[in-house]
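K.L.:
For reference, the chains in residue letters:
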Amino acid sequence: MAKAKPTACDNRTARLRDLHERMVLIRRVETRLGELFAEDEIPGFIHLSIGQEATATGIGAALGTDDTISSTHRGHGHALAKGMDLGGFFLELFGKADGICAGRGGSMHVADFDIGMLGANGIVGAGLPIALGSALAHQVKGRKSLSAAFFGDGAMGEGVLHECLNLASIWSLPVLFVCENNGWGEFSPSDKMLATTPLKLAAAFDVPAKSVDGNDVEAVADLAGTLSDAIRAGKGPHLLECKTTRVLGHFAGDPQKYRDPAEIEALAKKDPILRAERKLRRAGISAGDLAATSERIDNAVEAAIMQARNGANADFASAAAAVYAGGA
Amino acid sequence: MAKAKPTACDNRTARLRDLHERMVLIRRVETRLGELFAEDEIPGFIHLSIGQEATATGIGAALGTDDTISSTHRGHGHALAKGMDLGGFFLELFGKADGICAGRGGSMHVADFDIGMLGANGIVGAGLPIALGSALAHQVKGRKSLSAAFFGDGAMGEGVLHECLNLASIWSLPVLFVCENNGWGEFSPSDKMLATTPLKLAAAFDVPAKSVDGNDVEAVADLAGTLSDAIRAGKGPHLLECKTTRVLGHFAGDPQKYRDPAEIEALAKKDPILRAERKLRRAGISAGDLAATSERIDNAVEAAIMQARNGANADFASAAAAVYAGGA
Amino acid sequence: MAEMRFMQAINRALGDAMEADADVVLLGEDIAAPGGPFGVTRGLLDRFGESRVRDTPISEATIVGASVGAALSGLKPVVEIMFMDFMTVAMDAVVNQAAKAHFMFGSQRPVPMVIRTPHGGGLNAGPQHSQCLEAWFAHVPGLKVVCPSTAADAYGLMRAAIEDPNPVVFVENKSLYPIKEDFPDEPSHVAIGAATIARKGGDLTIVTYGAARKTATDAADILADDGVSAEILDLRGIQPWDEAAVLASLAKTHRLVVLHEAVEAFGAGAEIAARIADIGFDELDAPIVRVGAPFMPSPFGRGLEAEYIPNAERVVAAARRVLE
Amino acid sequence: MAEMRFMQAINRALGDAMEADADVVLLGEDIAAPGGPFGVTRGLLDRFGESRVRDTPISEATIVGASVGAALSGLKPVVEIMFMDFMTVAMDAVVNQAAKAHFMFGSQRPVPMVIRTPHGGGLNAGPQHSQCLEAWFAHVPGLKVVCPSTAADAYGLMRAAIEDPNPVVFVENKSLYPIKEDFPDEPSHVAIGAATIARKGGDLTIVTYGAARKTATDAADILADDGVSAEILDLRGIQPWDEAAVLASLAKTHRLVVLHEAVEAFGAGAEIAARIADIGFDELDAPIVRVGAPFMPSPFGRGLEAEYIPNAERVVAAARRVLE
Ligand SMILES: Cc1ncc(C[n+]2csc(CCOP(=O)(O)OP(=O)(O)O)c2C)c(N)n1
Ligand SMILES: Cc1ncc(C[n+]2csc(CCOP(=O)(O)OP(=O)(O)O)c2C)c(N)n1
Ligand SMILES: [Mg+2]
Ligand SMILES: [Mg+2]
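Chains as they are written, first to last, in the numbering used here: chain A, 1 to 328; chain B, 1 to 328; chain C, 1 to 324; chain D, 1 to 324.
The set of hints was computed from the structure by calculation and includes no laboratory data.
Honestly, I wouldn't trust all of these hints.
[As the list claims (entries may be wrong)] List time: in silico BS3-like cross-link candidates among lysine-lysine, alpha-carbon distance up to 30 Å:
#1 Lys192(B) with Lys269(B)
#2 Lys269(B) with Lys200(A)
#3 Lys257(B) with Lys269(B)
#4 Lys257(B) with Lys180(D)
#5 Lys192(B) with Lys235(A)
#6 Lys257(B) with Lys200(A)
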């Protein structure tokens, strides 16, 4: 994410504009993905994070290129917030040769190692040890970087979380555990499936933890910054729970019949982008300004989609030759 | 374990005699196992629980035949405390045809389903879901039984514990989690390997938990009784941490070079059997009485060993025919 | 003879088994209230209640391990692992516990449980949601492995699997779920390990299972146009598999192609080919040719996946090689 | 030419690799301060310090998963899984993460990591501590699998595995650990996937790997007394395996026995037999006979285990069948 460096007094507003712009980008990308999926232009399983943009964006704002993240099946926002190139992203989702993963991974596996994005992951919980191992590398190699592990509330069902909290704690690894708590794991409400909370779990392993309104992008960015500073200062792993809202279903096309329509309707009030926009307006940013941002992003997204549509299909022989590194 | 029914006032002493006798049996069995292993009469990996007898015995005293337990790699005590027949036990450890597991399992897999002993287990943590599933069966079938899951402190490293605490809690299953905390996982001290405790973990999942001096057999039996009553009364899973002492090494023959000799020496003071004997003497039981118990047990153990030595070897064709139930 | 979708046949088998035996319970992620991610368990919660049809947390290792404990304590659990790729999280429970309990505890208790799990591609679900890993389970003594290809067989094998006293890995090719087929008015059990002749022929034998049966049939159609008559044997059971049926067909055709969707190398087809290269060697008039996925992860992109999954052309080419 | 134990050779390879490359780190349960449950990593903590040689909690899934993350972030982890049976707890990390990362992320990064794990029987360790599961890993595109049988090969393959940019499952037969053998003064790397001729012969080929090489040699001695000369090919690499070497030997002998300690059915030997029944068919003068463990869990009792593990007599019987 491009980092503006304004003078003291409008620091916060400038930052909020950046954060807002990033959220609008994620929203736009995913809205279009939903459409492209419905029109059968994009295949596979697509998990949209619409309503959760503030979490990805706020965390992303606290991280630099040398920091690493591991992500989940719902990883578009994390990838874009970390700075993934829009062109490579869309080419990948279309399964094209020049996709960021050469069309072999798709939505569930977007990754960009040059910017420390170690991959979305199709296996619930599997990103946690990967982030942990990345943090281990930072530690062993004496880097000042940290590693953030995104996981959903549903992933609290997997024991690997327990193992990672323990290992990060005893080795004092530079890990930021980020729980995106949207209240759902697929079609099951997490309060029926879980007898614990991220804060209770973290406490059990002496991992300092905080909870934040995950739809308030400034609050997320602030707290992520504070915790990241502590981690970089050598204070070991920390956890941040972001309470957020999964507006659409589990996957693109999910009619959400299992959900109370009133609950879905109520989500609009919590929209992280509208909230940021209200703040920006109060800070004196004009409606026209916001519309201009939105238009700029729309154009960029449409250009990326057009490029992706026209990209060459991934080629089988190249894929077959890429099973092993070093061509073996 | 045979349940004496004395009149009110000497109830406790009578129970302690029973508990003591069971501990002496376990101690004698394992002391002899250590010798038989050293003499190469018994093959395989043997994990002795010498020093930990009060835990197995105290828990066993709280359970009936209809209750089930799953055990660990260090399961001799659990099996004998649950009432496993000495003959079948030794035959198994010698790998004989009439062993309780037909000589196919050995020390790490002793099991007796008729008395609810669902098996020792060679995989750390693996007994936990088995006990949980047994509790599920109790619940679905409307039985009043409970299921106890033994696990070591080292097993807290495995995520499956987290998963089981969660599932037992949300389904309110009749499970007693029993942590035998002897401070070691193989050759590594648990305080270096774990950032948590059984009580902290249980608390994270709203599972009521208690800690007890695991070398005080009466205290273990009392607390196990209280928690079992609560479980049977439908109050869901509970956890009991028993702080105990692994006097010998991880396996029979382990020279324990990794351990401070002073630490090992200090263990004698905590010996659960000597402690029970001091109490019994104070309650008026004579030294002669205790010696008689010991002799009776010695004789029973030697008879079982002799029987096992002379038993027919397990037969390959029978084993080969037993891979599937129903002979398929 | 009505029509029924593959997934409905499984649903009906589960329902019938639960009617017949109160010990049968269902466990899995999103299988109860939501009716299953693919809808296979729809309606069963309403019919059988919360005690017997249970939504679980995302804890595969524990729900399979708990199924072992439950099976050892009197229930007959049918547990769903949402994608076969996720079996990787539950392997200890399957391999070290379920498979070995009857043997290593001296035949004290059976382990009557079924693990239902979908495998296979066709949905562009990518490398972690498409794997066909049945060869792993077939290599483990104590497990049975089946993989039906028709609605009637899915029903019959599921009933047999639930009644079997051993742990059965029940593999469902997810591309078959929506397919509608003839379904008998009075469906019956299918013996585990019994193959069926999907098509009679005399020139070569194609041994296959699961969704690849359709590919074999397409290939046989093409070959028929050339006057070549292929016999197709649908194994249905992979562990045990029907050695006698393969040998019987080979005694007619003397030529063998083995086809599956799984990766060819070290796949289930290797065992079939290897076994026939031993006990069937004298019957063979030609090399045994296998057709499976190439040695690469299941790729995401449309064109990539289409080229990855074995198709009729590859089977025809294999047939031509054995007919040379 | 000094003598060295198999386990010392691995220890030396680890030490040499760590000297040569500061990115090599060791992880595992009881591998640092205690020097490993079998003593394989003894002394390495003292030489390389706590940052690079780490005792871990009993958390297999996480330590393998963390190794993937570490490998993707610049380290070259060598992680020990204490018994191959415990790989069941870490399969997601091995199969869905390590094996696929290079491919599914579009070749962005290699995954240079080694998983060391002992397999095999001989210690009466029973059904959950003796399994030979290498066939599973050989079936997974993206993994390499090796299994040395001599001290020199153990050294050479370990050096190669650590330098390989891909995840390598390094299988050590635990019965070999204490065995002393000639060890070159200047040990060298062994290419992954290159077989070696363990014994020259002309009448039949025995293909094997790991501890079974010794069994093959014993069998060849017995056969030699009868005037039969067996060629023994030690594969060393299972994925990839040296197809060309097998074909070359077969071109001389025209008869093939495949031997391993793992369960025969759906074992690694099935792939070798199946492949040769295809591309080597015209060279074959006899059925391909496999020798492996019977289809049952590894039993505990002394007599049971002794009968379970393939022995020279069974290999001789197999040889006689292919010589008929
Ligand atoms: C090991 C594993 N089990 C199950 C699944 C199927 N699955 C995909 S997403 C999901 C729900 C995850 O919930 P959560 O972690 O809260 O993330 P969210 O979808 O809410 O972002 C499930 C069960 C999986 N991908 N991997
Ligand atoms: C999954 C798995 N990992 C590792 C081991 C090897 N192992 C056997 S016992 C043990 C230590 C267990 O410690 P703890 O749970 O405290 O039990 P204790 O031995 O102290 O009774 C280990 C690491 C195993 N058997 N299973
Ligand atoms: Mg969620
Ligand atoms: Mg311990």
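K.L.:
Hints first: check each against the structure and report whether it holds.
P.N.:
Hints, one by one, checked against the model:
no., hint, in the structure
1, Lys192(B) with Lys269(B), "25 Å, holds"
2, Lys269(B) with Lys200(A), "37 Å, violated"
3, Lys257(B) with Lys269(B), "21 Å, holds"
4, Lys257(B) with Lys180(D), "25 Å, holds"
5, Lys192(B) with Lys235(A), "18 Å, holds"
6, Lys257(B) with Lys200(A), "38 Å, violated"
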